[in-house]
Structures are given as C-alpha cells and as structure tokens.
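Please construct the entire structure, taking both the sequences and the accompanying hints into account.
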Amino acid sequence: MDNQVFSEIFSRAREQHPLVHHITNYVTVNDCANITICAGGAPVMADAPEEAGEMAGFAGALVLNIGTLNPGIIGSMILAGKAANDHRIPIILDPVGAGATRLRTESTRRLLDTLEIAVIKGNAGEIGVLAGAAAKVRGVDSAGVTGDLVEITRDFAQETGMTVVASGSTDIITDGRRVLFVENGHPMMGGISGTGCMASSVTGVCAAVSTDMVTAAATALAAFGLAGERAAAQSRGPGSFKAALFDEMAALTPDDLKWGARVTST
Amino acid sequence: MDNQVFSEIFSRAREQHPLVHHITNYVTVNDCANITICAGGAPVMADAPEEAGEMAGFAGALVLNIGTLNPGIIGSMILAGKAANDHRIPIILDPVGAGATRLRTESTRRLLDTLEIAVIKGNAGEIGVLAGAAAKVRGVDSAGVTGDLVEITRDFAQETGMTVVASGSTDIITDGRRVLFVENGHPMMGGISGTGCMASSVTGVCAAVSTDMVTAAATALAAFGLAGERAAAQSRGPGSFKAALFDEMAALTPDDLKWGARVTST
Amino acid sequence: MDNQVFSEIFSRAREQHPLVHHITNYVTVNDCANITICAGGAPVMADAPEEAGEMAGFAGALVLNIGTLNPGIIGSMILAGKAANDHRIPIILDPVGAGATRLRTESTRRLLDTLEIAVIKGNAGEIGVLAGAAAKVRGVDSAGVTGDLVEITRDFAQETGMTVVASGSTDIITDGRRVLFVENGHPMMGGISGTGCMASSVTGVCAAVSTDMVTAAATALAAFGLAGERAAAQSRGPGSFKAALFDEMAALTPDDLKWGARVTST
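Residue numbers (our numbering), protein chains in the order written: chain A, 1 to 266; chain B, 1 to 266; chain C, 1 to 266.
Watch out, some of these pointers could steer you wrong.
Copies of the same chain look alike in the list, so a pair counts if it works inside one copy or between any two.
[To be verified] Only pairs whose alpha carbons sit at most 20 Å apart, straight line, appear in this in silico SDA-like list of lysine to any residue:
#1 Lys136 x Phe58
#2 Lys136 x Glu54
#3 Lys258 x Glu229
#4 Lys82 x Glu54
#5 Lys82 x Thr264
#6 Lys82 x Asp148
#7 Lys136 x Gln16
#8 Lys136 x Gly57
#9 Lys136 x Gly53
#10 Lys136 x Arg109
#11 Lys136 x His17
#12 Lys82 x Arg102
#13 Lys258 x His87
#14 Lys82 x Lys258
#15 Lys82 x Gly176
#16 Lys258 x Ser11
#17 Lys82 x Gly161
#18 Lys258 x Gly191
These aren't lab readings, by the way, just hints derived from the structure by calculation. Owing to the predicted nature of the structure, the values given are computational and were not obtained by experimental measurement.
Put into structure tokens, the structure is as follows:
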C-alpha cells in the first residue's frame, strides 16, 4: 500500500491535538492517558453519568473500554455514546474480555445495540465471540478462534456496518469491503499489561482526525506497532520496554510512518 | 528571595515523613502515591465515606483532586475535609477540569463553600473560571484566560482567604498579599499525564510540615520543577522522563533547593 | 533449606501460565497486573458483583487486596471468594491498612469469617492487629508491633488454619507448624508504592500452581525479593528501580531461584 495516507493522518493528529474522551478501566487508564499524549491527542477521562455526555460532546473521539466494567459504567458509556453519536464523533469500542463472562458479553451487545460504533477493536477471541464464531476468551486474553478469522471479521463488519479490528501478530482491519493487514509490532508488546487498551486510545486519536475509519485504524496500529518495534530494540525487559514505548511513540514522525508502516491489503 | 526557607521546609518533610491522605482520581493516583514518597511523605488513599473522615484525622495534609469525580466521591471529600478542618489539617484542592463541565465547576464550588481550603492549585483556565474571569478549559487542560492572571489570582485569594496557585511555565502563588513566582520546571513535564496532580501531592507533603501555605506551595513547586529539569536533561522522551522524574525527586536535597529554586516575589 | 522446591514451583508458574483473578485497589493495580505477567501468570481484574464470582471460577488463584476498599467491593470479594472456595481455588488476602481504620479492620475480619483464606499477607502492624497483638498501623504502613512477631504469626496461623505471611526486611511465613524466613529483598522496594501488593500478586501466581501454601509463598517472596535485589543494583532511584524490577522479575529463571533464594526455617 501507499503509506502516504497513514503519514497524513498521523501528521493531522499531531497538528490538531484532538481531545479524546475515555471511559475505560482503572487497570491501564494511566497508560491510555500517556499514549494518547504521545500520539498527539489530549486525553480526558470522565465517567460520572452527570458529565459523561457533556464531556463527550466536546471531544474529537470517544474510546469505550470495558476492562473493569460494571452496570453503572455501562450506563455512563451509553450516555457518552449517545452524545458522541449526536455530535457525529467516532466511537472506538474495546470489548475487553467479551466472551469470558456473561456480563462482558451482554454489556458489549448492549453497547452495540444502543450506539453507532465506528470501530470495534478486540483480540481474536473477543471478536470471534461477538461475531458468533466458535471462539474462546480466558480472562482478558484470546484463547483461540475456530475458522478463518479474516472471513469472520469481514462478515461481522458487513453485518454491523462497523470497522472491525482483530488485533494479533498481524492485525486485521476491515469495513466489510476492504481488508487491511498491519504487520507492525513486537512480541514484547504482549509482555506488558495494557498494549491492547493503548492501541485503542491511539485509534481514537487517529479516528478523531479522519473520516475513513479503516485507514485511521491502520495508521494507529502501524504507528503504535512501529513504536513497539523500536522500543523492543533498546529494552532489557518489560519495565524498560514500557518506558521506551512511550519515548518511541512520542518521537515517531509522519515520515517514520511513511517508511516504516507495513500494511498490506487483500 | 532567600531560598533558606524552602530548604528548611523540604528538610522538615524528609525528617517528619508526614502522612498525606488523598482522595484523588484513578488516572494518576499511582504517580501521586510515588511522588509523595519521593518527596518524603507517606501516601494513603481512602475514599469510602465509612473511613474518609477517620483517615483524614490521622493525616498531616489532605489532598482533594477531582480528576475523575462523581457525586459519591465529592461526598467523601466533604467528610474527609470536615475532619481535616476539625483537626486543623491543611487541605490542598486540585480542581481538575473545573470549567470544562458543569459537574466539575459546581462540585468545586460546593467544596469551596463547605470546606476551609488552605491551598487551591489549578492551571490558568481552572483558576480563571473559578475566580470569575473570562477563561476556558478544554478537557483537563487550560485553554487560556483573558486578563492579568496575577491580578485575577490575587483578587481570588483575597476574596476567599485561600492560598491560590495558578500553575504554568511560571507558577503564580499568592495569599492575596504576597505574590511569589516559581520559574522551575521544564516543558517535558507537560508531555506526561499527571504532573499537575503530582505537584498537588508534593504541595500536600510540604503543607503538612508548614504553617505558611505560600512558602509551602513555593517549596513544593520549586522542588518538583527542579526535579523535572534534572530529569529532562537525561531523558529520551516521556517514558524515560517519567522514571527519571521520580529518581530526581527522591534524590533532591534541601541544599539542591537552596541553590536551585528560582522563586521571585513582586 | 533445599531451594529445589522453590525452583520447581517457579518453573510450573512459567509453564502453566495461571489466570490470577484480582479484586484490588486502584492505586497499584497496574503494577499488580504487570508483575503477574512477569512472574508467569495471566492477570484479570473484575470487581463487579455481576461477574466477580463467575470470573473467580475460571482462575487458578484469587487475590483480594483491600487497599481502596468500600462496602461494595467487599461484597464482590465475598462473592468471588465463595466461588473460589467452591472450586478449591486458593485465596490470597492482603489486608492493606487493617488496623488503621475501623472499616479496614472490620472488613478484614468479615472476609476472614466468611471465606476460607489460604494465605494472608500483611506487614507486621497489619498482621499484629489482626492477630490481636499490640500493634499499630499508620495509613497503610506498619508502625510497629509489641512482642515476638514469630510467635504472634505462628499462633495466628494455628488459630485460623491460614498460612500467615508477615512481610518485612525478613519475611516470616508460617502455617502454625513450619516457619520459614525469607531474607531476599532490598530497601529500595520500600521506596516505591505497591511492592507489598505486587508480592501478593506473585504469591497468587505461585499458589495457583502449588498445593503447599507455605512453600508457594516462600517461592513468591524469594523470587520477588531477588528481582528487587538485582533491580536495585542497576537503579539510580525509585523510578528507574521500578522499571528494572519488572525487567528482573521477567528475566528470573528457576535456576536463579535455586541459587539465589535465601530461605531458612526454624
């Protein structure tokens, strides 16, 4: 693919500094805030029902992450999501652990039924379960999916109208028509908690400055993966890797993405 | 200014190891705990209404930060704040995002109406909004204030009896009579989430061992800013900067502050 | 002692990759997630009453940490704990700040009365208070205990049937019969927030692959302490120490533990 489009999206993110509203989990929330800044965005976290909708109305994108969900938080997500839909602000949904418990699966379905989601991004197990495939989730990790994940993902996107991202060593991104594959990334990213959540935050930053969600998501995953590759090259383990990941994400330029993004299409 | 006073306050913090009770947000709470330790204090976070007042009664200072507020947490802040007032323990209020949503502005006003706050510390937009000036807040960031910020800050302090801190590249600290300016700090501090919250925690540590809130706040901001300068000199980006910030805060000595604090007065 | 047993437990943790369910505080939760991964486990945090029991049923161990408790979270802990007991999954309880406030002391007693706890791990003050000794807790730190801590700990274990761990520069581990002492560790571990919580998470990882809780806890504390020693040797302060702590925990091998564990018995 011509990487020019990714380079341009990333460049816009850095220029426009979009506000990215998060309703997310308390495990990785600090990492989400910091990676948002590194990617060019301005993070804000606000989950009280009294302000969730109001804050979403000011944002460039809304990231919903159910990592430590409860029914009250899902209610706030719906309030924020409706405000985002009203203002035509893209919503990125990370259905952390969908398939592992009934609460996670049902809450995700409720969000999908109630809100217009622009991008859903999960691991193979989560996406598989939600798409109705034979898939398993253990805790918040994918425990495998039976069948052709590309087909499952594409069908799911076609049925729902969402851009679907199945993350993995190769990320699959599709709106049901186009399918992009992102090869950037490094195994060390799996050695720390929160890289999935952070990828969703970076997707929020890119979605906030884009109209095409497929290229926005590809930009985000290529950029974050590239930062991960560079961080891995200078790290002794997960602790030094994490610090380097923020360093490299902040240092990444649109030109780096032009030369370093490894994105292919079917 | 003679920096001897800052050096002495910082020295007392290291000797007395004050307990600093926080009711704060879940985004930067870990950073607040760690910077409190680095500054010489002992952090405790306790926000259940069943214990908030009891815990505050044991503390040397109480830090209230509304970064991820909800009405229940504001209720706990009031319980803790009343206990702190009863025990004559200084309260530091960080009105994160006041001016961005009604909930944040109104909750801050409720805290100001109900409690005797020793120090309020916010960015220019937050302080401007609360002082009744023409100011704007976007998410949790200042989006500018119209008018002379020194005058606005001083008038706000005079009207309310609080020590008011407007943080920025130059921090303004005033009790309505004296005005101090702290020049310490580094732009890299704006490249990570939580430096504002951490500055409030360090202010809590210094307030716990002081009777004069103006010099306590100046000590905290000069020390934290100096640590930021030193951390920036050895960092490759925000990830390595953050690790170095804790290293440098912990390594800072009263003598460093004597020679390195850049504080002026009107 | 023959360190072979610790080496074997640690080796099993790395092979079996057990799911460790946490209901824990929002201050150090990210550190708990990351250290669980570094130790070989898969962390999951789920505290909604609607899923806490279901998630615990899938786990290899359940870690309950009351660092930022409230009555709702205690209710979820009981639901998760009952599921864990039903499935014969070991529960590790970290009674953070028990003795500091009535809520913490009484909630801990309620957990002890309602659930079958496999391992309780606290500092000297927390364990002392719960054991009925003359002990004090200030915030979340031990403020000393009067009497022979070994005796207090052993008696407490005998009375309750739990494995009791009193952490300190020398950790005491006992089931009321055997008493083990772990000498591994470094003073820099006290310079960051969360090392106590992380030690409980690592204990969860080791307990998930063990039937003997005394050797499981000793393995965890020796391994974590050894990682702390190695991290300290390369750190400039608490920020770089924390990054190195994760690096070293992830790099630790069963062989390292065989040669480096410093565990003695009475």
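If the cutoff is 20 Å on CA atoms, where do Lys82 and Lys258 land: within, between, both or neither? Let me know, please. Classified as neither; 35 Å inside a copy, 54 Å across copies.
As a check of your reading, is Lys258 near Gly191 (CA-CA no more than 20 Å) within one copy, between copies, both or neither? Neither: 27 Å inside a chain and 24 Å across chains, both beyond 20 Å.
Cα distance capped at 20 Å. Does Lys136 pair with Phe58 within a copy, between copies, both, or neither? Classified as between; 13 Å across copies, 37 Å inside a copy.
Within, between, both or neither, where Lys258 and His87 count as close if Cα-Cα is 20 Å or less: neither (32 Å within a copy, 53 Å between copies)
At most 20 Å between alpha carbons: which applies to Lys136 and Gly57, within, between, both or neither? between (36 Å within a copy, 16 Å between copies)
Under a CA distance limit of 20 Å, which applies to Lys258 and Ser11: within one copy, between copies, both, or neither? For Lys258 and Ser11, the Cα distance is within 20 Å only inside one copy (11 Å; across copies 43 Å).
Status of Asp148 relative to Lys82 across identical chains (alpha carbons, at most 20 Å): Result: close neither inside a copy nor across copies, 34 Å intra and 39 Å inter.
Have a look at Lys82 and Gly176 and pick one of within, between, both or neither, based on CA distance no larger than 20 Å. Intra 24 Å, inter 44 Å, cutoff 20 Å: neither.
For Lys136 vs Glu54, is the C-alpha pair at or below 20 Å within one copy, between two copies, both, or neither? between (37 Å within a copy, 15 Å between copies)
20 Å Cα cut-off: does Lys136 pair with His17 within a copy, between copies, both or neither? between (38 Å within a copy, 16 Å between copies)
Could you place Lys136 and Arg109 in one of the four classes (within, between, both, neither) given a Cα distance threshold of 20 Å? For Lys136 and Arg109, the Cα distance is within 20 Å only inside one copy (17 Å; across copies 37 Å).
Intra- versus inter-copy proximity for Glu54 and Lys82 (alpha-carbon distance at most 20 Å): For Lys82 and Glu54, the Cα distance is within 20 Å only inside one copy (10 Å; across copies 30 Å).
Checked against the numbered hints given earlier, the structure breaks hints 5, 6, 13, 14, 15 and 18 and satisfies all the rest.
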